[in-house]
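Student: My request is simple: use the sequences and hints to build the entire structure.
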Amino acid sequence: MGWYIGRRLLQMVPVFFGATLLIYALVFLLPGDPILALFGDKPVSESARATLTAQYNLDEPFLVQYLLFLKGIFTFDFGQSFSGQPVIDQLARAFPVTIKLALVALVIEAVLGIGFGFIAGLRRGGVFDSTVLFLSLVVIGIPVFVLGFVSQFVFGVKWGIVSPTVGGDPALADFIMPGAVLGALSFAYVLRLTRNSVAEGLSADHVRTATAKGLSRPRVMTVHVLRNSLIPVVTFLGTDLGALMGGAVVTEGIFNIPGVGNLLYQSVVRQEGPTVVSVVTVLVLVYLIANLVVDLLYAVLDPRIRYV
Amino acid sequence: MSSFEQDDDLNQTAKRVGVVAGGPVLTRRDGLKGLVGVAAVAGLAACGGSDDEGSGTGGGESGGGTGGDVIVNGSEPQNKLVPTNTNEVGGGRLLDSLWAGLVYYKADGTPENDVAESIESSDAQNYTIKIKSGQTFSDGTPVTAKSFVDAWNYGALGTNAQLSSYFFEPIEGFEAVQSEPPAAQTLSGLAVVDDTTFTVKLLQPESDFPLRLGYSAFYPLPESAFADMEAFGENPVGNGPYKLKAEGAWQHNVRIDFVPNETYDGPRKAQNDSLSFVFYETNDAAYSDLQGGNLDVLDAIPPSALATFEDDLGDRAVNIPAAVFQSYCIPERLPHFGGEEGKLRRQALSYAIDRDQICETVFSGTRTPAKDFTSPVIAGYSETVAGNEVLSFDAAKAKQLWAQADAISPWSGTFTLAYNTDLGHQEWVDAVTASIRQTLGIQAEGAPYPTFAQIRTEVTNRTITGAFRTGWQADYPGLYNFLGPLYATGAGSNDGDYSNPEFDALLQQAASTTDQDQANELLQQAQTILFTDLPVIPLWYSNASGGFGENAENVQFGWNSVPLYYQVTKS
Chain A
1 MGWYIGRRLL QMVPVFFGAT LLIYALVFLL PGDPILALFG DKPVSESARA
51 TLTAQYNLDE PFLVQYLLFL KGIFTFDFGQ SFSGQPVIDQ LARAFPVTIK
101 LALVALVIEA VLGIGFGFIA GLRRGGVFDS TVLFLSLVVI GIPVFVLGFV
151 SQFVFGVKWG IVSPTVGGDP ALADFIMPGA VLGALSFAYV LRLTRNSVAE
201 GLSADHVRTA TAKGLSRPRV MTVHVLRNSL IPVVTFLGTD LGALMGGAVV
251 TEGIFNIPGV GNLLYQSVVR QEGPTVVSVV TVLVLVYLIA NLVVDLLYAV
301 LDPRIRYV
Chain B
1 MSSFEQDDDL NQTAKRVGVV AGGPVLTRRD GLKGLVGVAA VAGLAACGGS
51 DDEGSGTGGG ESGGGTGGDV IVNGSEPQNK LVPTNTNEVG GGRLLDSLWA
101 GLVYYKADGT PENDVAESIE SSDAQNYTIK IKSGQTFSDG TPVTAKSFVD
151 AWNYGALGTN AQLSSYFFEP IEGFEAVQSE PPAAQTLSGL AVVDDTTFTV
201 KLLQPESDFP LRLGYSAFYP LPESAFADME AFGENPVGNG PYKLKAEGAW
251 QHNVRIDFVP NETYDGPRKA QNDSLSFVFY ETNDAAYSDL QGGNLDVLDA
301 IPPSALATFE DDLGDRAVNI PAAVFQSYCI PERLPHFGGE EGKLRRQALS
351 YAIDRDQICE TVFSGTRTPA KDFTSPVIAG YSETVAGNEV LSFDAAKAKQ
401 LWAQADAISP WSGTFTLAYN TDLGHQEWVD AVTASIRQTL GIQAEGAPYP
451 TFAQIRTEVT NRTITGAFRT GWQADYPGLY NFLGPLYATG AGSNDGDYSN
501 PEFDALLQQA ASTTDQDQAN ELLQQAQTIL FTDLPVIPLW YSNASGGFGE
551 NAENVQFGWN SVPLYYQVTK S
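Just so you know, the sequences run in chain order A and B. All residue numbers for the first sequence refer to this note's numbering, where the first residue is 1 and numbers rise by one. All residue numbers for the second sequence refer to this note's numbering, where the first residue is 1 and numbers rise by one.
Treat each hint with caution, since some may be false.
Computed from the model, here is a short list of chain A residues facing chain B with C-beta under 7 Å [claimed, not checked]:
1. G156
2. V157
3. I161
4. S163
5. P164
6. T165
7. G167
8. G253
What the hints contain is simulated information worked out from the structure, not anything from laboratory work. Note that beta-carbon positions come from the ideal geometry of N, C-alpha and C, so glycine has one too.
Tutor: Below, the structure written as structure tokens:
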């Protein structure tokens with residue numbers, strides 16, 4: 001097990017370098033001169049240009065800039081954005097917010113998705129099953145920003161049950177509406193995945209055996225059917241966590257949540273290379289670690305799987 | 001001094017007086033909006049419109065009767081809050097609340113002394129500025145002549161790379177401090193006389209120089225700032241109507257909280273108990289908050305709500321002209337557009353456009369048809385400049401002028417109007433060209449360019465082969481700013497290479513006239529010349545659109561379309 005984790009962590013190293021190099025190159029290749037962008041349409045004097053160029057190593061060749069960036073990362077010095085804020089501070093402010101949002105979304109989609117999916121799977125073809133299937137199809141069909149705006153308008157503006165936007169210093173409860181919106185699509189997938197998995201599990205040999213040896217129905221359903229059906233669901237949820245964190249740009253925009261998506265979006269349009277690369281680097285790491293955790297969870301859910 | 005105005009919609013762009021905030025903020029909003037706009041309209045249409053009570057109740061609940069704590073929209077400043085290093089509207093509105101300049105602008109754009117006791121000049125080139133004695137920064141240190149001179153020198157010095165350094169260009173010695181390496185550390189045109197007096201020497205007479213002094217680049221700085229400007233910009237200390245609520249009141253990307261600065265005793269004294277700017281990533285979110293009662297004043301209606309916001313908000317909607325002038329230019333070098341023939345054709349092409357109808361149908365009334373070459377929010381503006389009938393829609397007149405031009409040299413080919421597609425200009429260009437097609441019976445069509453940068457490059461290199469859209473946002477509330485940089489012979493933004501000695505002479509005369517009324521009169525005469533020559537064909541003024549909450553009172557928008565926050569109160 002320890003060996004396995006070590007090997008997986010080692011595999012992350014080339015992925016890390018590959019991903020950062022690629023992102024750095026893309027940001028580097030963005031058309032337009034960041035100094036000109038900074039000044040708007042005003043003329044930039046030679047002395048101002050020289051000062052800024054030296055400050056951000058803009059005169060170095062690409063590879064040197066990249067290596068300087070890497071050196072910074074390993075000394076936990078992520079550099080400064082053009083606006084003079086340390087990137088590490090920006091990350092430290094944005095990530096906790098997005099992690100909260102992503103976790104709320106994950107809990108909502110996991111609890112509701114698995115719950116409804118399980119019931120639907122048990123009563124395949126029934127009224128509940130058909131209704132749930134239909135509704136999840138509707139959810140899949142609606143883009144997340146439509147869902148976001150409609151729920152914001154109905155619950156926030158029209159009925160005034162919740163605040164239309166989240167803003168700063170949010171309580172966990174403030175994240176329920178954005179979290180539900182963010183997790184809605186995945187909720188539909190989790191539901192359908194669970195339902196099919198449970199329905200298959202019902203007719204599996206070990207379930208028939210368990211029933212035959214006289215186990216109570218609840219025990220058969222939870223321990224033998226549900227647990228086995230969860231393997232594909234857990235895979236999905238694990239990778240989804242990364243997607244939720246990186247993909248919250250639209251949701252964070254609608255509900256004005258100062259998280260990672262917000263930061264990433266602003267940095268891209270302001271051509272703040274250091275911030276973009278740092279944010280994405282951290283997201284890549286989150287993704288890799290989430291994947292590792294998922295793989296480890298397999299062993300917990302399915303004793304036949306052993307890591308050596 | 002000025003810059004080209006990239007986008008004609010104030011709601012989509014974050015702009016500072018005279019400064020278009022480059023690509024950044026502009027596209028930031030647009031990108032998401034393109035995506036979400038349709039949805040918002042759908043959402044509103046499906047759920048709203050029928051009753052207004054929803055937003056009403058929301059407003060009552062969160063208003064909470066706390067009295068004067070005013071919450072308004074903002075956006076995260078792109079830079080630390082240093083007056084000379086802020087050139088976009090997100091930071092600019094904060095500076096204007098934290099600082100007081102020599103003059104301030106009343107809602108109609110007329111300047112009044114704020115910190116200044118007097119600004120005097122006999123020749124419009126050498127100025128003696130006296131400041132009121134006993135003024136202090138919010139940390140208790142005195143505001144002196146040196147506070148201004150040091151701050152301006154800091155802003156002008158090239159190696160400090162300040163984004164607003166350009167504003168010091170008219171002052172003598174600017175070239176020396178901007179050279180690489182700088183030949184001087186301070187502007188030779190600035191001199192401290194005593195604690196409350198300093199003198200400014202300009203390179204040439206500019207009678208509207210005092211008018212510019214309300215802009216944030218000209219604010220003073222306390223002694224403590226120069227030790228560590230970075231740290232100062234995080235917790236700025238100004239001399240204006242507000243100060244930071246506490247150290248660290250600026251929560252990045254979230255909000256910033258101000259409280260009244262009790263040491264400020266100028267004309268902009270805060271009427272509320274506190275002022276908070278909440279930073280929004282999208283105007284859609286801000287608009288939802290306004291409707292939900294979480295926001296008291298909003299100065300940017302998202303495009304998705306432009307058609308409906310006046311119904312949604314009723315008398316709490318604000319829709320007034322801004323200091324943004326839109327036009328299109330037909331350079332003289334184009335075939336058929338030179339000399340007398342060109343003059344006739346330009347006039348015909350102006351008479352052929354139904355501005356009123358386009359403003360109403362294409363822009364839902366969020367543009368105001370142009371009556372001159374400036375803007376209605378500028379002091380000295382007149383609706384009745386002689387010759388402006390050329391801006392009215394008159395199909396018969398247009399046909400007649402076009403026929404006269406044809407008599408000189410018959411028209412052939414297609415009339416094209418170039419525009420950039422990245423900021424939603426297609427609709428009005430289609431409407432304008434259709435109006436021309438129908439009235440004159442000639443081929444007319446739009447010529448789309450993918451980006452603003454691309455069209456500007458072609459315009460600047462003079463390689464563009466047809467008419468093109470142009471626009472201008474004022475740096476400061478003066479008529480001259482709309483005319484000098486655009487139509488004077490050889491001026492920096494004279495894209496059509498317009499040149500008329502008579503016009504130049506009037507401009508010069510106005511610039512060296514110290515009496516502002518007289519100067520404005522000369523500038524109106526100069527405009528009359530423009531109406532015959534039409535170096536650009538005026539279209540309309542962009543509007544500032546915004547709104548305020550149910551309990552907000554005394555909401556007034558300034559000349560630069562930013563609300564006068566200090567006078568907003570809540571009942």
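Student: It remains to establish, for every hint, whether it holds in the given structure.
Tutor: Hints and how they fare:
{"no.": "1", "hint": "G156", "result": "holds (5 Å)"}
{"no.": "2", "hint": "V157", "result": "holds (4 Å)"}
{"no.": "3", "hint": "I161", "result": "violated (10 Å)"}
{"no.": "4", "hint": "S163", "result": "holds (6 Å)"}
{"no.": "5", "hint": "P164", "result": "holds (4 Å)"}
{"no.": "6", "hint": "T165", "result": "holds (5 Å)"}
{"no.": "7", "hint": "G167", "result": "holds (6 Å)"}
{"no.": "8", "hint": "G253", "result": "holds (5 Å)"}
The earlier numbered hint that this structure contradicts is number 3, and it is the only one.
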